[in-house]
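Q: In case you want the letters, here they are:
2 protein chains.
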Amino acid sequence: MAFVALGEPEYPRRLQMIDDAPPLLAVRGKTAALRLPAVAVVGARNASAAGLRFAERLARDLGAAGFAIVSGLARGIDAASHRASLDSGTIAVLAGGHDHIYPREHAELADAILAQGALVSEMPFGHEPRARDFPRRNRLISGLCAGIVVVEAAKRSGSLITARFALEQGREVFAVPGSPLDPRAEGTNDLIKQGATLVTDAADVIAVLRPILGKPVEFRAEEPEAPAPGAEPDAGERARIVALLGPTPVPIDDLVRLSGSSPAIVRVVLLELELAGRLERHGGALVSLL
Amino acid sequence: MAFVALGEPEYPRRLQMIDDAPPLLAVRGKTAALRLPAVAVVGARNASAAGLRFAERLARDLGAAGFAIVSGLARGIDAASHRASLDSGTIAVLAGGHDHIYPREHAELADAILAQGALVSEMPFGHEPRARDFPRRNRLISGLCAGIVVVEAAKRSGSLITARFALEQGREVFAVPGSPLDPRAEGTNDLIKQGATLVTDAADVIAVLRPILGKPVEFRAEEPEAPAPGAEPDAGERARIVALLGPTPVPIDDLVRLSGSSPAIVRVVLLELELAGRLERHGGALVSLL
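Line by line, the protein sequences give chains D and X.
Take the first sequence: its position 289, counted from the start at 1, is 288 in numbering that gives the first Met the number 0, and no numbers get skipped.
Take the second sequence: its position 277, counted from the start at 1, is 276 in numbering that gives the first Met the number 0, and no numbers get skipped.
Since the hints were derived computationally from the structure, they do not count as laboratory data.
Heads up, a few of these hints could be off.
Copies of one chain are not kept apart here, so a pair can be met inside one copy or by any two copies together.
When the alpha-carbon atoms are kept at most 25 Å apart in a straight line, the in silico SDA-like pairs for lysine to any residue are as follows [claimed, not checked]: (1) 192 / 288; (2) 29 / 45; (3) 29 / 185; (4) 154 / 245; (5) 29 / 133; (6) 154 / 126; (7) 154 / 48; (8) 192 / 248; (9) 192 / 163; (10) 192 / 2.
Required output: the full structure, derived from the provided sequences and hints.
A: Next up, the structure:
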């Protein structure tokens with residue numbers, strides 16, 4: 000367990016800007032995860048299968064783009080978002096002390112988060128979370144992030160409280176649309192009516208957040224920008240990478256992951272396509288075929 | 000069967016403003032339905048059950064609010080919208096002549112429409128609709144209406160063609176959101192990303208269209224294009240009309256209605272502004288201040 004006090008260099012940069020930043024954070028896991036650019040993915044506990052699947056896809060793609068995924072360890076959308084970003088780094092903000100994981104059945108998930116991510120609480124050890132601690136906790140979820148994505152939310156749900164905090168804190172609010180006949184989409188459709196950015200894809204989030212963050216969100220710092228000397232894609236690799244591309248912008252990270260080729264090889268193939276006038280580069284390390 | 004020629008008083012007021020208004024419309028049913036404020040409800044042929052149910056609810060509620068529901072008599076969303084507004088008045092725009100109802104299984108629906116609504120075609124009797132007649136027909140669907148609602152639409156679908164016509168004609172575009180995992184919502188979610196108004200309820204449509212419709216003051220065809228001799232705006236009229244103008248293109252009809260001045264006076268003021276280099280004219284009898 001590490002304790003980080005407001006004003007210390009390890010204190011999360013965005014969180015220290017909010018009005019009621021907690022004076023002390025108790026952190027378990029990798030404190031380095033708190034230095035990644037972060038985006039919250041939150042939503043209904045009684046989520047639909049489609050909502051869960053979408054949350055997984057979104058969290059995985061945002062994780063691959065270099066974001067830490069922040070959520071509340073709740074059932075449904077929260078848990079799906081944490082699980083899909085265990086490898087890239089995910090942060091769960093607790094409503095109680097570190098010895099009171101809620102819900103209890105997520106104790107294992109909480110342990111798994113520690114490997115690449117972190118558990119964060121402003122509450123003392125021994126504090127059992129009460130109902131009123133959860134909305135209070137939600138201000139930290141939004142406060143840690145550049146933006147929050149609400150995946151499914153009924154009217155008057157906790158996720159909308161997080162969205163309100165996000166607005167008050169000047170964070171970007173994103174919402175995933177759904178059928179007007181689905182009560183779990185009422186809250187998200189309302190958010191879009193009120194000006195939240197409609198999200199159907201990680202690229203929608205990255206396009207808005209990347210200019211805010213300034214510093215990219217792309218390849219890991221130790222990776223050289225130029226292709227490694229002698230990196231030469233074979234015909235099969237080239238075909239696989241081209242097949243992954245289309246008119247919809249996709250993160251270069253996804254190409255690396257889905258093609259199974261090295262980042263250097265992917266960069267060489269993209270450079271070839273670019274020189275042939277077949278590639279368009281977008282913000283956020285996104286590329287598409289022309 | 001009635002024939003209505005461009006320039007005749009019975010010709011639909013909004014349709015006469017579009018660039019390629021048909022010179023002659025063949026109308027069956029109640030021509031009075033063509034004088035109601037109208038909104039199009041269109042969408043996928045292979046609609047989901049939720050899409051069909053939503054289209055019915057929307058068409059019924061908009062019909063109850065006094066709108067004629069315009070659509071294309073296709074399977075799916077179109078048919079559901081017509082059926083739900085048979086009593087309040089619905090207008091089907093045909094791609095072929097009146098003796099070539101398409102699809103054939105909608106012959107009964109077409110007959111039912113005649114009681115309170117109308118079937119409209121710009122094509123001669125005997126014309127069998129070809130594939131290319133449908134997109135052409137779609138400009139009349141949007142042209143007859145103050146706005147169009149797209150309920151479900153895949154990418155590159157006919158409903159998006161109608162939405163494009165609507166934008167070109169200065170009509171309001173509304174779209175019904177859906178899950179990002181539903182291919183039938185790709186087109187509508189895209190429309191919302193591009194600025195279409197998100198619709199979960201008839202009230203969303205009415206809120207936007209009611210101020211546009213107001214009381215229908217028509218630019219009657221018998222009115223001379225040139226200002227009537229002696230039409231001379233006074234300072235108050237001139238100020239009122241200029242105050243109604245701004246950088247956003249507005250229909251000249253609205254200026255007439257909202258200013259309370261005669262069409263001739265409005266035309267004089269617009270001409271003065273134009274000569275002073277302060278007015279821009281757009282397609283569809285729209286004007287804006289420079």
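Q: Each of the hints needs a verdict: does it hold here or not?
A: Hint by hint, here is what the structure shows:
1. 192 / 288: Result: close only across copies, 21 Å inter versus 27 Å intra.
2. 29 / 45: Result: close neither inside a copy nor across copies, 30 Å intra and 50 Å inter.
3. 29 / 185: Classified as neither; 36 Å inside a copy, 39 Å across copies.
4. 154 / 245: Cα proximity of residue 154 and residue 245: across copies only (14 Å, versus 34 Å in one copy).
5. 29 / 133: The answer is within: 23 Å in one copy meets 25 Å, while 60 Å across copies does not.
6. 154 / 126: neither (29 Å within a copy, 51 Å between copies)
7. 154 / 48: Both: 19 Å inside a copy, 23 Å across copies.
8. 192 / 248: both (21 Å within a copy, 15 Å between copies)
9. 192 / 163: Both: 14 Å inside a copy, 22 Å across copies.
10. 192 / 2: Classified as neither: same-chain Cα gap 41 Å, cross-chain 43 Å, threshold 25 Å.
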